[in-house]
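Student: Residue numbers (the working numbering), protein chains in the order written: chain E, 11 to 527; chain B, 5 to 302.
Hints are computed from structural coordinates only; laboratory data are not their basis.
With the Cβ distance kept under 10 Å, some of the chain B side facing chain E (calculated, not the full set):
#1 K6
#2 S108
#3 E129
#4 G153
#5 V195
#6 T252
#7 L254
#8 L259
Derived pair list, reagent style DSS-like, types lysine-lysine, alpha-carbon separation capped at 27 Å:
#9 K61/B x K365/E
#10 K190/B x K89/B
#11 K13/E x K460/E
#12 K6/B x K524/E
Each residue gets a CB set at the ideal place from its N, CA and C atoms; glycine is no exception.
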Amino acid sequence: MYKDLKWKIPLILAVVLGAVWLAYPLKEKISLGLDLQGGMHLVLEVKVEKAVEASLDRLADEIKRDITEEDLEVDRVKVIFASRQINVRMVDKLDLPPVKTVLEKYPFFSMVSEDSDGLGLVYQMSVDQVTQIEQNAVSQGLETIRNRVDQFGVSEPTIQAQGEKRILVQLPGVKDPERAINLIGKTARLEFKLLDEENSLQQALAGSVPEESEVLYQRVENKETGAVTKEPFLLIKRTVLTGETLTGAEIRFDSDFNEPYVSLNFNSVGAMIFQQVTRENIKKRLAIVLDDNVYSAPVIQDEIAGGRAQITGRFTSEEARDLAIILRAGALPAPVVILENRTVGPSLGQDSINKGITSIIYGGLLVVAFIAVYYKLSGIIAVTALFLNIVLLAGALAYFGAALTLPGIAGIILTVGMAIDANVLVFERIREEIRIGKTVRAAIEAGFSKAFRTIVDANITTFIAAVVLFQFGTGPIKGFAITLCIGIAASMFTAVFVSRAIFDGTMSHRKLDKLSI
Amino acid sequence: MKIISSETHFNFMGKIKMALTISALMILIGLGSMVMSGGLKYGIDFSGGTLVQLQFKTAPDIEVIRDGLKTIGLGESTIQEFGTKRDILIRVQRSEEKLEAVGSQVRNSLGESFNKADITVERVEMVGPKVGRDLREKALLSILYAIIGIVLYISWRFELQYAIAAIIALIHDVLITMGAFSIFDKEFTLVIVAAFLTIIGYSLNDTIVVFDRIRENLRRKGKNSLVDIINTSINQTLSRTLLTSGTTLLVVVALFFFGGEIIHDFSFALLVGVLVGTYSSIFIASVFLVFWDSRKRA
Numbered sequence: 011m012y013k014d015l016k017w018k019i020p021l022i023l024a025v026v027l028g029a030v031w032l033a034y035p036l037k038e039k040i041s042l043g044l045d046l047q048g049g050m051h052l053v054l055e056v057k058v059e060k061a062v063e064a065s066l067d068r069l070a071d072e073i074k075r076d077i078t079e080e081d082l083e084v085d086r087v088k089v090i091f092a093s094r095q096i097n098v099r100m101v102d103k104l105d106l107p108p109v110k111t112v113l114e115k116y117p118f119f120s121m122v123s124e125d126s127d128g129l130g131l132v133y134q135m136s137v138d139q140v141t142q143i144e145q146n147a148v149s150q151g152l153e154t155i156r157n158r159v160d161q162f163g164v165s166e167p168t169i170q171a172q173g174e175k176r177i178l179v180q181l182p183g184v185k186d187p188e189r190a191i192n193l194i195g196k197t198a199r200l201e202f203k204l205l206d207e208e209n210s211l212q213q214a215l216a217g218s219v220p221e222e223s224e225v226l227y228q229r230v231e232n233k234e235t236g237a238v239t240k241e242p243f244l245l246i247k248r249t250v251l252t253g254e255t256l257t258g259a260e261i262r263f264d265s266d267f268n269e270p271y272v273s274l275n276f277n278s279v280g281a282m283i284f285q286q287v288t289r290e291n292i293k294k295r296l297a298i299v300l301d302d303n304v305y306s307a308p309v310i311q312d313e314i315a316g317g318r319a320q321i322t323g324r325f326t327s328e329e330a331r332d333l334a335i336i337l338r339a340g341a342l343p344a345p346v347v348i349l350e351n352r353t354v355g356p357s358l359g360q361d362s363i364n365k366g367i368t369s370i371i372y373g374g375l376l377v378v379a380f381i382a383v384y385y386k387l388s389g390i391i392a393v394t395a396l397f398l399n400i401v402l403l404a405g406a407l408a409y410f411g412a413a414l415t416l417p418g419i420a421g422i423i424l425t426v427g428m429a430i431d432a433n434v435l436v437f438e439r440i441r442e443e444i445r446i447g448k449t450v451r452a453a454i455e456a457g458f459s460k461a462f463r464t465i466v467d468a469n470i471t472t473f474i475a476a477v478v479l480f481q482f483g484t485g486p487i488k489g490f491a492i493t494l495c496i497g498i499a500a501s502m503f504t505a506v507f508v509s510r511a512i513f514d515g516t517m518s519h520r521k522l523d524k525l526s527i
Numbered sequence: 005m006k007i008i009s010s011e012t013h014f015n016f017m018g019k020i021k022m023a024l025t026i027s028a029l030m031i032l033i034g035l036g037s038m039v040m041s042g043g044l045k046y047g048i049d050f051s052g053g054t055l056v057q058l059q060f061k062t063a064p065d066i067e068v069i070r071d072g073l074k075t076i077g078l079g080e081s082t083i084q085e086f087g088t089k090r091d092i093l094i095r096v097q098r099s100e101e102k103l104e105a106v107g108s109q110v111r112n113s114l115g116e117s118f119n120k121a122d123i124t125v126e127r128v129e130m131v132g133p134k135v136g137r138d139l140r141e142k143a144l145l146s147i148l149y150a151i152i153g154i155v156l157y158i159s160w161r162f163e164l165q166y167a168i169a170a171i172i173a174l175i176h177d178v179l180i181t182m183g184a185f186s187i188f189d190k191e192f193t194l195v196i197v198a199a200f201l202t203i204i205g206y207s208l209n210d211t212i213v214v215f216d217r218i219r220e221n222l223r224r225k226g227k228n229s230l231v232d233i234i235n236t237s238i239n240q241t242l243s244r245t246l247l248t249s250g251t252t253l254l255v256v257v258a259l260f261f262f263g264g265e266i267i268h269d270f271s272f273a274l275l276v277g278v279l280v281g282t283y284s285s286i287f288i289a290s291v292f293l294v295f296w297d298s299r300k301r302a
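For reference, chain E alone in the conformation it holds in the complex (with noise of 0.2 Å):
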């Protein structure tokens, strides 16, 4: 009858072999989660249909340009954001048929209508286009994001898409959460933009912006009092360069004052078109324009060849270390907004496991002395099934990666409740059975196997529970539904197996008459 010990015993020796094996050290096989041990974790939502706008702008800017190269007048080339279409408006009705023809270089693009005028075409861009843009914003973002994080210097970190537009970012353990957010949110779109000097700066900010210009502001803090005032500057919108042709930025401190500034490396098209923008503008201002910010708009003294150029604005050494980071690393191709950020402080962090792990100790010590008094020597065999079910548990969680939260504590607690459960159940039919007068072997075996039915059916809904709320929740949802099934499913292997396998040893060795429970 108890031949079957032969290989059970091997088994349970094996898999508590194992699972010490995956778990030690418990503090490099298990991870923390964020709550755990302070962290930010961030949704983004990319701007997807900036990304759209961008491209649409630069098409129907190159579409303008391969028209006038036919030799043909453009009157204006009309992007129409709402429906993703161009208009392009010529001058004379005999250049719509060469325009056509100029368009067909274009595939993504189809002509919709002609204007009633007969002198201009409507286009409109393909969904799979516009599809295209959008995943390509996602990607790259995630990518520039990984970047500017990777040279931020944070260990461990997790950057990874959620649905279609969001970036889900994880950073444990950071120290400054405002500086991470800086550092990843910033779209960091670098243009160089001219001065407009010849219209009246006091006229646009009254309403009279020329059409080909724009008002943007400086943004001068106060780094004492923290107020801000705001510098306007009217600029010429078209932008001369952009940071698409920057190779390098590097931190760099003035040598008479000691203020730090970010030096700028140009590759050979964007010196080029530097060198020439500089030669052409001697004595203009030139505007360094950051995500819609005007950093400075020196006077250009001379012509600049060999591509470098320096953006400065009174930073502390931190600011300008993370700009250069940024403009390394690239802009992103679209805006992000923060859809969701959870902040925990380190402080906390270690708050919560202490106090974690002081009520698992106080209700583990509780229930084990409680068993322990009611069932005698069955109850010490249910608390080392019990121990066995920590154990298995920790394994489990290192080899899953699971990482432990604080509602993942809390899933440890219960389970130690449930284990005990079964191990009740059991124990309340073998003294049944010994009360309708069966011998204590046969009590036993009646005992764990009609208690077995129960034990299933109990612990599969409890189990349909957590399966559900893993694959719906979120967070430390997740990691608390992740320790209930394994926790579940190793009180089923040490309540009913290791305890069985228990029992069946102690009565292999000698006959008992009476069975201390």
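Keeping the supplied structure of chain E fixed, place chain B upon it in accordance with the hints.
Tutor: Just chain B now, with coordinates in the frame of chain E:
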């Protein structure tokens, strides 16, 4: 050692009317409280909003904090102590999509009245309205799917009337626990949804143990009526029911008192849920079985 004598013969089914009255009262009081306070109180997980937990070196004056916050115009805010007098929880309805760290913004706004070095930002949670809606949907779906899955399993293992009876017991437990939440003015968050799903699982666990015994006793029923069989079954499983609830409660109580502020509400939900679940598996769950049986005969 025994707490419950081995052969109890309580007439639980004889107390149906009293039990139903008590349950109805508890549910009504809970629902009444929910209606009075204008529905469930959603935490920022579901309603969207911002929560900032600060720790001060010495206990601050809440009114001074309120005045400080006004300067940054975050809109309506609730400020309360969180566990100790030094820990302050600030809740704001609005959520900020802009790329600003709300935590340091709040801390800076208090710079005039307090020494900034004495304030630590312990926790910031910001959930945008869109995510809040998503999370709410997911939470509802998860409860719905869990119930469907469990009903299917029980109908497969038992019979339909057992599944219906189990679901009634579980809705009973959830309603009463929700009521307790409303009465004690606690918020519904993601973690509380997890607690409720646990209660659902636990309540069913308890109910199934009883049903399993009823099914077993029905097979050799002889001349006994269903009511007698149910009574016998509840009595036979009584010591197990109370023992298990007892040990689980030991653990939950430890969690409630030593687990810290952050999971306080979670353990509160479990505490109420386990108590109500135990009560319902003894007094409420089997009532429907009797009702079903009497209708079939009629």
